[in-house]
Amino acid sequence: MISANKLKTVLLFIFILMIEASAQTSAADQFNYAKKLFDEEKYFDAVTEFKRLLFFDKSDKYLFEANKFIGLSYKSGGKFSEALTYLTLTEINSKTKDDFFNSRIEIIKVNILRRTTSRALSLLDSLNNDYSFTDKKDEINYWLGWAYIFSDDWENASLSFSKINENHELKLLADSVSNELYNKTLAKILSVIIPGAGQIYTGEYFSGLLSFGWNVLWGYLTVQSFVDDRIFDGVMTGSFLWMRFYNGNLQNAEKFAEEKNLIVTNNALRYLQKEYSGNKP
Amino acid sequence: MRIDFKLVFFVLLFSITAFCQTEQLKWQKADISYEKENNFRHRDYSFQFNDAGEVVKKSLAMTYWFFISDVDGDNCPFRPSCSSFLIDAAKETNILQTSLMFFDRFTRDMNVFKRKNHYPRVKDGHYYDPPLNYTLSETKIQYIPASSVVKE
Amino acid sequence: MRKYFILLIILNSIIIAQQDSIDFRSPENIKKFGDYLFCQGDYLRAVEEYKSVQNILRNDTVNFKMMLCYSNLGLYETSNDLYKETSWVSPFHNDIELLKIKNKLLEMPRSIQVFYDVPMDSVFSIGISKLNMTSRLYGEDIRISKSQFLSPFDEKENKAAASLYDLKTNPPYKSPALAGIMSAIIPGTGKMYSGEWADGITSFIVTGLMAFLAYDNFHAGHNTRGWIFTTLGTFFYGGNVYGSIAAAQIFNAKINFDIQDGIKLFLDHNNYFLPDYDFCK
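Chains as they are written, first to last, in our numbering: chain A, 1 to 281; chain B, 1 to 152; chain C, 1 to 281.
For the record, the hints were derived by calculation from the structure and aren't laboratory data. All values reported here derive from a predicted model rather than from experimental measurement. There's no promise every hint is true.
If you want a taste of the chain B side facing chain A, the calculated C-beta under 10 Å gives, among others [said to hold, decoys possible]:
id	residue
1	Asp31
2	Glu35
3	Tyr45
4	Ala61
5	Thr63
6	Phe67
7	Ile68
8	Asp70
A virtual CB, placed ideally from N, CA and C, is assigned to each residue, including glycine.
Sequences and hints are given; from them, build the entire structure.
Laid out in structure tokens, this is it:
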């Protein structure tokens with residue numbers, strides 16, 4: 001029969017151990033805590049807690065998930081280089097084919113966002129050529145389309161989306177953008193033949209007419225100088241005035257086409273960011 | 001036990017200050033935009049009607065921009081452009097000094113040799129050449145090394 | 001006896017449960033994680049960890065590493081304020097004094113002369129002498145001889161320190177007045193004197209061309225054009241003289257910039273004469 005004093009001592013000891021035990025956190029709890037911070041969009045703190053988990057937890061259990069969430073946190077913070085570092089670690093630590101594919105897609109999405117689209121396209125090509133992902137063709141084509149959109153290649157974007165579905169919403173969007181874009185080369189050629197024509201093609205009527213007027217004026221004065229045997233005057237007018245306005249006309253034709261195209265593409269990109277409800281990078 | 005309130009206050013104040021400073025350094029969720037940056041130059045055609053002289057100067061500049069500068073292409077390798085340089089110089093100095101600064105700028109514009117070892121650049125690749133460096137006031141000169149990229 | 005047996009079972013369960021758990025928030029573990037982040041160069045996270053245990057651990061190494069973190073984050077005043085938390089008998093006392101000077105120089109480059117009444121390790125007193133001496137270069141005048149200036153520096157620092165001293169005491173300034181006079185006599189030569197050879201040649205050609213065109217037109221009886229070219233030529237000539245003075249001033253501003261930059265590079269290269277720490281070995 002144990003004495004009352006001994007019993008009190010043992011109970012006190014157990015009580016102290018229980019207090020200590022409550023201070024211990026399981027790795028799962030730490031993971032859940034970090035995930036909660038991620039869900040609350042406290043990305044900086046989420047990264048700290050996931051890094052803490054990885055530092056102390058010596059098992060491999062959380063390598064994939066923790067690195068993934070660190071990468072996604074950095075991506076949400078716009079820190080794309082750091083995001084890629086951790087998403088690459090995620091890919092390395094993936095245990096299943098699906099995990100590998102999903103982490104590769106995340107890497108591709110970050111490359112799209114930071115506009116290193118050639119890298120995104122080459123990664124997508126490697127997935128396309130990998131026979132173990134034949135069941136993922138639609139998803140690969142979907143992100144191919146996005147990569148082409150971000151590299152301003154709306155025709156190829158349309159082609160990629162059409163492989164999923166001929167009436168895919170993004171295919172129709174890409175087609176409408178392609179139809180609205182001005183052809184830079186055509187604008188320039190028109191201005192080579194008739195100064196100001198390229199500007200009129202892009203909708204800048206007043207600039208086109210002014211350009212035409214100046215070129216006609218200096219052209220006439222140059223020719224007149226040569227006809228009147230005022231060679232020096234002709235050379236000066238031709239090189240400093242006529243050439244200047246002629247080159248300016250070519251520059252403007254190209255510039256207006258680029259500027260108008262930028263407005264069209266930015267409108268489409270704004271729609272994709274704010275109103276499109278599908279998967280986005 | 002006496003509590004040293006001054007020490008407590010100091011530690012608390014330091015903690016709050018240090019906390020605020022490091023809190024400001026912590027990055028937040030970024031507002032990532034899909035849109036491409038629009039680096040095309042847009043002229044400032046606004047008027048400030050507080051000074052008749054300014055109105056006259058701005059009108060002349062705007063007429064030049066509209067009928068000549070915006071039509072003859074981007075010939076100036078510098079930013080601010082020669083016309084903007086003239087306007088900014090006129091704000092800082094008198095008419096004689098402005099004229100001399102303008103003709104000096106025009107001469108440097110005609111220099112066909114490489115400028116990359118002398119002028120820093122702005123984002124779109126033009127050379128940064130502000131009029132403040134040419135007012136003959138040494139305290140106003142802001143030397144920036146040629147290898148730098150300047151935010152205009 | 002049965003009760004005693006039950007208590008033992010409970011005790012064992014608690015012990016077993018603890019094996020899967022880590023106390024992520026114990027002061028020692030927070031410090032360990034902080035040390036890891038410090039070695040990763042993640043100074044912001046490291047200092048947050050250290051801050052949470054600073055008052056519990058009262059560790060001089062932690063305090064010093066916090067100072068280093070704040071310094072690396074550019075929070076120089078905060079770094080220096082921390083020295084008040086450290087005692088005179090701290091093993092890092094000398095390092096802190098050096099770091100304080102480094103922070104002051106980084107915050108605002110200026111001449112700093114500090115002297116200590118307390119005895120200092122000879123390594124650190126040499127470090128402080130080097131910092132004192134180097135910071136003199138930021139002042140208006142050095143006012144000491146070259147041998148005195150070079151006295152604290154060792155062989156590998158001597159060459160760089162000597163060239164900085166020479167640059168500071170005899171800066172190769174150009175005279176704006178001389179540049180103006182040279183260009184007044186021969187257009188463009190003032191700019192060439194200030195190192196702007198291409199601008200100088202252009203000035204010479206343009207001013208010369210205007211002068212020639214003015215003469216040629218007057219000679220040919222084209223008085224209107226003659227006056228146009230004369231006026232333009234006068235302005236170009238005036239601009240050339242003005243621009244030569246400005247070129248000399250900009251040259252001198254570049255010299256001053258190079259001096260400041262050279263001092264900073266010298267200090268950075270020598271890590272502000274702070275010793276190497278083995279915190280991450």
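message = Tell me if the interface restraint on B/Asp70 is satisfied: Cβ within less than 10 Å of some Cβ in chain A.
response = holds, 7 Å
task = Please verify that hint: B/Tyr45, Cβ, nearest Cβ of chain A, below 10 Å or not.
result = violated, 14 Å
key: Hint check, B/Thr63 versus chain A [nearest Cβ-Cβ separation less than 10 Å]   = violated, 12 Å
message = Does B/Phe67 hold up as a contact with chain A if the rule is Cβ-Cβ below 10 Å?
response = holds, 7 Å
inquiry  = Take the shortest C-beta to C-beta distance between B/Ile68 and chain A; is it under 10 Å?
reply    = Given a least distance of 8 Å, the restraint on B/Ile68 holds.
ask   = Is the shortest C-beta separation between B/Ala61 and chain A less than 10 Å?
value = Check failed: Cβ of B/Ala61 comes no nearer than 17 Å to chain A, outside 10 Å.
ask   = Going by Cβ atoms only, is B/Asp31 closer than 10 Å to chain A?
value = holds, 8 Å
request  = May I ask you to test the interface hint for B/Glu35 with respect to chain A, counting a Cβ-Cβ separation under 10 Å as satisfied?
outcome  = holds, 4 Å
Violation of the numbered hints given earlier is confined to hints 3, 4 and 5; the remaining hints are satisfied by the structure.
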